[in-house]
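Given the structure of chain B, go ahead and fit chains F and E onto it with the hints provided.
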Amino acid sequence: MSDTIPGVSMDRLVARQQQLPEPSQRDVVFDVDDLGVSYSGKPALKDVNLEIYRNFVTAFIGPSGCGKSTFIRCFNHMNALIPGAKIHGTIHYHGADLYGSEVDPVEVRKRIGMVFQKPNPFPKSIYDNVAFGPRVLGMTDDLDGRVERALEHAALWDEVKDRLKASALSLSGGQQQRLCIARCLAVEPEVILMDEPASALDPIATTRIEDLMHALKKDYTIVVVTHNMQQAARVADMTAFFSVERGEEGHRTGVLVEYDATPKIFTQPSDSRTEDYVTGRFG
Amino acid sequence: MATQEVSAGAVRLRATRRRWGEDVVKVVLALCALISILTTVGIVVSLFLPAIEFFRDVSLWGFLSGTTWAPLFQPSHFGVQPLVAGTILVSLCAALVALPFGLGSAIYLSEYARATERKVLKPTLEILAGIPTVVYGYFALTLISPLLKDLGLQAGVFSALSAALVMGVMLIPTVASLSEDAMSAVPRDLRDGAYALGSNRMQVSLRVVVPAAISGIIASFVLAISRAVGETMIVLIAAGGQPNLTFDPREAVQTMTAFIAATGQGDVPTGSIEYKTIFAVGATLFVLTLVMNLFSIRLVRKFREVYE
Amino acid sequence: MSVTTLRAERPRGRTSSAVFKAFLYVSIGVGIATLGTLLITVVAKGWKYVDLVLLLEPPSADPQIAGARPAILATIYLGLLLIAFSVPIGVGTAIYMEEYANRDRWYNRLLEVNIQNLAAVPSIVYGILGLAFLVRGIGLGRVLLAGAMILTLVVLPTVIIAAREAIRAVPDSIRQGAYALGATKWQVIWRQVLPAATPGIATGSILALSRALGETAPLLLVGALTYVSFDPTILGDFTALPVQIYQWVARPQEDFRVLAASGIIVLLAILLTLNAFAIWIRNRYQRKW
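Chains B, F and E are the protein sequences, given in the same order. Reading the first sequence from the start, the letters are residues 0 to 282 in numbering that gives the first Met the number 0. Reading the second sequence from the start, the letters are residues 0 to 307 in numbering that gives the first Met the number 0. Reading the third sequence from the start, the letters are residues 0 to 288 in numbering that gives the first Met the number 0.
So that you can see chain B by itself, here it is in the shape it has in the complex:
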């Protein structure tokens, strides 16, 4: 197994790893047990077991169709919006069953936010975009302050502070995505889910998003789906590799292959499928 991955500095990787708390000191935010997802009876994902740790950046990588987007959408009940979607198994959020009988999706999404692949700002002003979350959740005290803080934390404030009333659609792609992040931050979540947040952006904008992930890690728990291995190597503390299994009738189901600290995944993976993927032999 080689010691280098093109585009990633191994020293930086290892150094970052050493800054993380010891396994015994880690807070578990999500505890996933035997999770599976099916759409109208067809399984899309199965047998997932892992834990997400507080203030970590966790990445899900894998070839297309392996269910990583499906998986991340389980954490904030977004799969419930798709008719015919069924969740099997459990996810515990700080010990509470995320899919318990009385769980309110609004409460879940208040604490667990999401940024999407293609920036989707609302067709409103920049201010109204960021203020939307607090408004619908009743967090209307000091709205101006909330908006400003959210935009600052998303590294967008300086660029837009003079034109908060301008339409959000007048921003560039990278700015729009940071706006979406600010929008997410404004409701003060604990967890931020990111579904391929930089895949629609140019390299410079991508770098800014990745830097943002590093900065936000201090205060938030971040889960990222990415199809870009180098990105996972650059930003993630823990990495989960998913792959596709072909069942009878050629039906493809996603499975979790390996979940470990990022350097280990990329330098000494335990499973040969992981090794094949990270060395570029497929996917």
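These aren't lab readings, by the way, just hints derived from the structure by calculation. Keep in mind that a hint or two might mislead.
Unchecked claim - Straight-line Cα separation of at most 16 Å, EDC-like style, residue types lysine to aspartate or glutamate; simulated pairs:
#  : chain 1 : residue 1 : chain 2 : residue 2
1  : E       : LYS184    : B       : ASP103
2  : E       : LYS184    : B       : ASP143
3  : E       : LYS20     : F       : ASP22
4  : F       : LYS25     : E       : GLU97
5  : B       : LYS216    : B       : GLU151
6  : E       : LYS184    : F       : GLU110
7  : F       : LYS25     : E       : GLU98
8  : B       : LYS117    : E       : ASP171
9  : B       : LYS85     : B       : ASP33
10 : E       : LYS20     : F       : GLU21
11 : B       : LYS117    : B       : ASP33
Quick look at chains F and E alone, frame taken from chain B:
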């Protein structure tokens, strides 16, 4: 921004209060939708209950097969054929104008016209479609009728032909827009293939595009005829007010719709036989147009799959 | 080898092509010529009576002093009532069908077919419905309100269809983004979907309104009288502009024909304004997603 301090087990994911507002909204919206269902129920009830009463006094067979319509005379006759014939005569003549010219307009817009032409022609057709029918009735009576007389056709002041011609032009946009939609949905490749083989525009239009779009075109035909059957004002003003069983369009006729409008305007006593004729004829009209509309809807749906 | 020419096809092919093309020109020409003739003759004939007398005076047996004021007022009242009734019900139905209804349920599929059907029912049948239920049935009588209610039903399918299209055009990514922030279903609809769909809904509603204001047949059955000389009230006898025009057309005297033409000019002016307004809204506010 600090994360919320939570410890295991103390996280509450239940709603803080029951969101009954959401349920109220759903009920209100469903009630709105109910109104359209109630409308249909209302139409059926308001047509068929009195019609059934009517057919207790008048035999259905006599109604359908009788050739004299004279509900108020002594003795009264309730043969609906003159009214139906009037409707069919006018509709057919209107179709003879609307269908060919409508299709021709559609072919022109779809296959021949340049972008600038389309920008002018399409709105023009839309304006044609938007003119109120009473205006068309006026046009038929004041311009077309005298014109027909001047042309030596021996049509009277009121004639089925006058109404039909104007109605036909009014329906050109109906045929044109639906047919043009159907033709635009035909993929470019089909045309390109034919052009590449050396066909000229007429051949491509008639042998490739029209057959490919035929279901939409026929649906537009059926819709136009259905509209002609249900149209009231043009015939009320220009076609005549006396029931007349004839196939000569130069004569004056009364259509089902004109009869309903003329009778319903007056102060007919509720429950009288004359009152009930409104519903009997109305029910006949409704059944006729319903059959045509269902057929047209099925046609559109059946062949929409082809290109989607 | 003889010289190959690339001249157009054989003369026979060229003739039939030319004939066909001529037919196409005639097809378009018929519509345009009719429209042009209609507009020109109406304006030429009726222009001389388009003045304040027409707009402000009630009708009379003397065409010199006859006006269309009750009819114009009634048409305006009908328009306002129509908007007040048809837009909330139509948009509400559209929201239900697009955002709440489960397409697998039979009653929702029935609803879809039902609306498609209603859109194609002849307007006079709605008039019969109004006559039976409103005028005679519940005894509302031949009043403006009954006319407004029936015209609402005539126009409702069109408003529903236009509203549905406008709602469907709003990209799903907007909804997803709003849900992810913790908004409830109604909050997503009320604060994101409806505002984004408003230009489309407005355009569709105004176009539907314009069609309805030209309708005559249902109003005849629901009791629009053809001779009303006083200003209309909601619960009183009424007429409407198209009905007034019809009354004038039916009279053989030339002067009344002229009056009819001038009434038509006013009606067309109202409709033209409405349509232009609708199109202006569409051009200015419609978003290309």
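Going through the hints against the structure:
1. E:LYS184 / B:ASP103: Holds - the C-alpha atoms of ASP103 of chain B and LYS184 of chain E are around 12 Å apart, at most 16 Å.
2. E:LYS184 / B:ASP143: Violated, because 26 Å separates the two Cα atoms, which is more than 16 Å.
3. E:LYS20 / F:ASP22: Cα-Cα ~60 Å, so violated.
4. F:LYS25 / E:GLU97: Distance of about 12 Å is within 16 Å: holds.
5. B:LYS216 / B:GLU151: Judged against 16 Å, a Cα distance of about 15 Å means the pair holds.
6. E:LYS184 / F:GLU110: 46 Å, violated
7. F:LYS25 / E:GLU98: Holds, at about 10 Å.
8. B:LYS117 / E:ASP171: Given that 16 Å is the threshold and the Cα spacing comes to 12 Å, the pair holds.
9. B:LYS85 / B:ASP33: 14 Å, holds
10. E:LYS20 / F:GLU21: Answer violated: LYS20 of chain E to GLU21 of chain F is near 60 Å, above 16 Å.
11. B:LYS117 / B:ASP33: 30 Å, violated
Comparing the model with each earlier hint shows violations of hints 2, 3, 6, 10 and 11; every other hint is respected.
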